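J.: Each chain, written out:
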Amino acid sequence: MSSAAYPVTIEKPAIQVQDITKSFMNAEGDEIHVLAGITMDIPQKEFVSIVGPSGCGKSTIFNIVAGLLEPTTGKVLVGGDEIGRKTGHVGYMMQRDLLLPWRTILDNVTIGLEVKGLPRNERRDLAMTYLERYGLDSFAKAYPSTLSGGMRQRVALIRTLVTQPDIILLDEPFSALDYQTRLVLEDEILSILKNEGKTGVLITHDIEEAISVSDRVFVMSKRPTYVKKTYQVGLAAEHGSAMKARTDARFKQFFETIWSELDIQMGRSS
Amino acid sequence: MENASQGMKLQESKTVSASQKRWLKPQQAAAMRQWASAMAWRFIIIAVIIAVWETAVRMELVNAFLLGSPSAIVQTAFSMLQSGQLVSDAFATVNATVIGFVAGSLLGSLVGLLLWFSSKLSRIIDPFVVALNGVPKIALAPMIIIWFGSGIFSKIALASVATFIVALLSAYQATHQIDQSQIHLMKSFGANRGQIFTKIIVPSSLPWIISAFRINIGLALVSVVGGEFISSNKGLGHMIFVEGNLFNLPAVWVGVFTLMLVATCLYTCVSIIEKKLLPWNDSTQASNKSAGV
Ligand SMILES: Nc1ncnc2c1ncn2[C@@H]1O[C@H](COP(=O)(O)OP(=O)(O)O)[C@@H](O)[C@H]1O
Ligand SMILES: [Mg+2]
Chain A
125 MSSAAYPVTI EKPAIQVQDI TKSFMNAEGD EIHVLAGITM DIPQKEFVSI
175 VGPSGCGKST IFNIVAGLLE PTTGKVLVGG DEIGRKTGHV GYMMQRDLLL
225 PWRTILDNVT IGLEVKGLPR NERRDLAMTY LERYGLDSFA KAYPSTLSGG
275 MRQRVALIRT LVTQPDIILL DEPFSALDYQ TRLVLEDEIL SILKNEGKTG
325 VLITHDIEEA ISVSDRVFVM SKRPTYVKKT YQVGLAAEHG SAMKARTDAR
375 FKQFFETIWS ELDIQMGRSS
Chain B
891 MENASQGMKL QESKTVSASQ KRWLKPQQAA AMRQWASAMA WRFIIIAVII
941 AVWETAVRME LVNAFLLGSP SAIVQTAFSM LQSGQLVSDA FATVNATVIG
991 FVAGSLLGSL VGLLLWFSSK LSRIIDPFVV ALNGVPKIAL APMIIIWFGS
1041 GIFSKIALAS VATFIVALLS AYQATHQIDQ SQIHLMKSFG ANRGQIFTKI
1091 IVPSSLPWII SAFRINIGLA LVSVVGGEFI SSNKGLGHMI FVEGNLFNLP
1141 AVWVGVFTLM LVATCLYTCV SIIEKKLLPW NDSTQASNKS AGV
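Protein chains in written order, with the numbering used here: chain A, 125 to 394; chain B, 891 to 1183.
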């Protein structure tokens, strides 16, 4: 099948991960095979989740897709082009919030816009609208050390969203949030992605979260890691909301199937 | 439902900031009380030392010629102030110290930071810098005085050299302590090396650089005074050296106390600069407090 034959109708997947392997050296100099060969196609405008045991290499996959880490073998295509050593093609909210302690909350949020060369006034205005939307505007001038873990995580999320990337990688974005805030933010993210036609990839250790927001769930094996199973879920898309997706009868079925697929491997997240 | 919980978030954030404000007041009051009591004790200690010293001299328990006496020191200080000698000596020393400190510290920090761009170059020169750092800088004084003469330039050069190396080493080491994930974060936004340098490397090295400044201000003063001992016609070091040779102990004491005053003022300036540059750094504020008591 050649895309040249159907130049208009066939959309390239947003992200193509093609048979990626990754090994690390540990302290003793032994090679540790983390990724055994990951292949994933993430279609445009879909919201997909990756679940898998702690330490199986989920964050490593994100680092490779974002261009921060080179795979041992295999390649990543974004929008049909190989990423090579390029970075900046995806918005990436990392597992740690990484707020810069010397910058105020406002200046932390604007850092991506600064890198992209947006004028000072524009980036401040844009950042303030986002901070207001997430109830953090009163902390614009505060330093990160004065914020709670949940607040810091929301700031990190805003820092990623404010650059308005077409593809967003979210590595356990809600882990420090209380249950209610998490539900609200899941729906918020979902509507941002759907309204603006963006592609999202979510790493989570919360199976319910994965089922309630995703079009598709990738379940990872334990190390050396491969994609064990892929589930077409799509409840959120059907109901238009992650919260409503949780009330669907199929929700529980998906939960039980994915849970058994992960069974006891699913330890606590790191 | 969504609106309600967002409203809850807003309330939660307001109460946090309000309670933070309420927290500060008793803490500040306690800090003020501690400071006042420490100051009172300091005055008492000084008063007791002066009283004991003066009494001991008057009762001829100690030799006034070898030790000087508070009253003679005050008299000498007044006459040196009136003649303008003390001020001009102090000015010469402070001038050379500040210029040498600023030049050496800024240049050293800059070079140390810029080495981040070339790990190869920094690996090559690393042992040289370490070796230079190990040399007591005052050993360079005779050479520097031969090159720059006995005027202020040799003192500035001495202070610059001493502070340059410490600043370079701290800045260079600071760039190696940086959280690699912060660099990853910048890269994920597509930042180039220049942007990573100005937005991550420089600001996160700043606490190290500033703490080198604290060491350097003392080093600069020691270098200048040492240089003045060896060869000069001005400055507090010169004055102390000359008066010491004349066995004029009260004048030596005046010089020593003026140096103490100068050192305290310079340290205070560096601390003020530190607070201005690192408003986010709680730990430095804490260490200021503990160092201040
Ligand atoms: N830079 C690295 N050097 C060595 N080992 C690493 C590195 N990054 C990750 N690892 C190892 O790879 C494995 C997977 O890590 P990670 O991707 O963070 O897992 P997950 O996000 O699924 O919990 C872990 O065992 C971790 O120790
Ligand atoms: Mg992880």
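Calculated from the structure, these hints are not laboratory results. None of the values given here were measured: they were computed from a predicted structure. Treat the hints with care, as some may be off.
Computed cross-link-like contacts, DMTMM-like style, restricted to lysine to aspartate or glutamate with a CA-CA straight-line distance of at most 20 Å [as the list claims (entries may be wrong)]:
id, chain 1, residue 1, chain 2, residue 2
1, B, 1077, A, 170
2, B, 1077, A, 206
3, A, 136, A, 205
4, A, 318, A, 170
5, B, 1166, A, 231
Computed footprint of chain A on chain B, listed as stretches where at least three residues anywhere in the stretch have a Cβ under 8 Å from a Cβ of chain A [as the list claims (entries may be wrong)]:
id, segment
6, 1069 to 1080
7, 1153 to 1159
With beta-carbon atoms standing in for the labels, derived distance ranges [what the hints assert, rightly or not]:
id, chain 1, residue 1, chain 2, residue 2, range
8, A, 198, B, 1007, 42 to 50 Å
9, A, 150, B, 917, 39 to 47 Å
10, A, 290, B, 996, 40 to 48 Å
11, A, 143, B, 1162, 55 to 63 Å
12, B, 1008, A, 150, 23 to 31 Å
13, A, 178, B, 1020, 53 to 61 Å
14, A, 198, B, 1084, 28 to 36 Å
15, A, 377, B, 917, 25 to 33 Å
16, B, 917, A, 381, 36 to 44 Å
17, B, 935, A, 303, 21 to 29 Å
18, B, 1007, A, 243, 50 to 58 Å
19, B, 1070, A, 153, 14 to 22 Å
20, A, 290, B, 1084, 50 to 58 Å
Idealized CB from N, CA, C, for every residue including glycine.
J.: It remains to establish, for every hint, whether it holds in the given structure.
T.: The hints, checked one at a time:
1. This hinted pair does not check out: residue 1077 of chain B and residue 170 of chain A have alpha carbons roughly 25 Å apart, beyond 20 Å.
2. Restraint check for residue 1077 of chain B and residue 206 of chain A: satisfied, since their Cα atoms lie roughly 17 Å apart, inside the 20 Å limit.
3. Only pairs whose Cα atoms come within 20 Å are accepted, and residue 136 of chain A paired with residue 205 of chain A is accepted, the gap being roughly 10 Å.
4. Distance hint between residue 318 of chain A and residue 170 of chain A is fulfilled; the C-alpha atoms sit about 8 Å from each other, no more than 20 Å.
5. The straight-line distance between the Cα atoms of residue 1166 of chain B and residue 231 of chain A is roughly 17 Å, inside the 20 Å bound, and the hint therefore holds.
6. Beta-carbon proximity to chain A at under 8 Å applies to 10 residues in the segment 1069 to 1080 of chain B; the threshold of 3 is reached and the given coverage holds.
7. Coverage of the segment 1153 to 1159 of chain B by chain A is violated in this model, with 0 residues showing a Cβ closer than 8 Å to a Cβ of that chain against a need of three.
8. For the pair residue 198 of chain A and residue 1007 of chain B, the beta carbons lie near 31 Å from each other, so the given range of 42 to 50 Å is not met.
9. At about 46 Å, the beta-carbon gap between residue 150 of chain A and residue 917 of chain B stays in the expected band of 39 to 47 Å.
10. Distance hint check: the CB atoms of residue 290 of chain A and residue 996 of chain B are about 43 Å apart, consistent with the given range 40 to 48 Å.
11. The supplied range of 55 to 63 Å is met by residue 143 of chain A and residue 1162 of chain B, whose beta-carbon atoms lie about 59 Å from each other.
12. Judged by the Cβ atoms, the range 23 to 31 Å given for residue 1008 of chain B and residue 150 of chain A holds: they are separated by roughly 29 Å.
13. In this structure, residue 178 of chain A and residue 1020 of chain B break the distance hint of 53 to 61 Å, their C-beta atoms being roughly 42 Å apart.
14. Between residue 198 of chain A and residue 1084 of chain B, the C-beta spacing of about 31 Å keeps the proposed range 28 to 36 Å intact.
15. The hint said 25 to 33 Å for the Cβ distance between residue 377 of chain A and residue 917 of chain B, and at roughly 55 Å that hint is violated.
16. For residue 917 of chain B and residue 381 of chain A, the hinted distance range of 36 to 44 Å is not satisfied, since their beta carbons lie about 55 Å from each other.
17. Taking the beta carbon of each, residue 935 of chain B and residue 303 of chain A are about 59 Å apart, not inside 21 to 29 Å as hinted.
18. In this structure the supplied range 50 to 58 Å is violated for residue 1007 of chain B paired with residue 243 of chain A, their Cβ-Cβ distance being about 27 Å.
19. Checking the proposed 14 to 22 Å range against residue 1070 of chain B and residue 153 of chain A shows it holds: the Cβ atoms sit about 20 Å from each other.
20. Look at residue 290 of chain A against residue 1084 of chain B: about 26 Å separates their beta carbons, and that is not inside 50 to 58 Å.
The structure is inconsistent with the numbered hints 1, 7, 8, 13, 15, 16, 17, 18, 20, although it conforms to all the rest.
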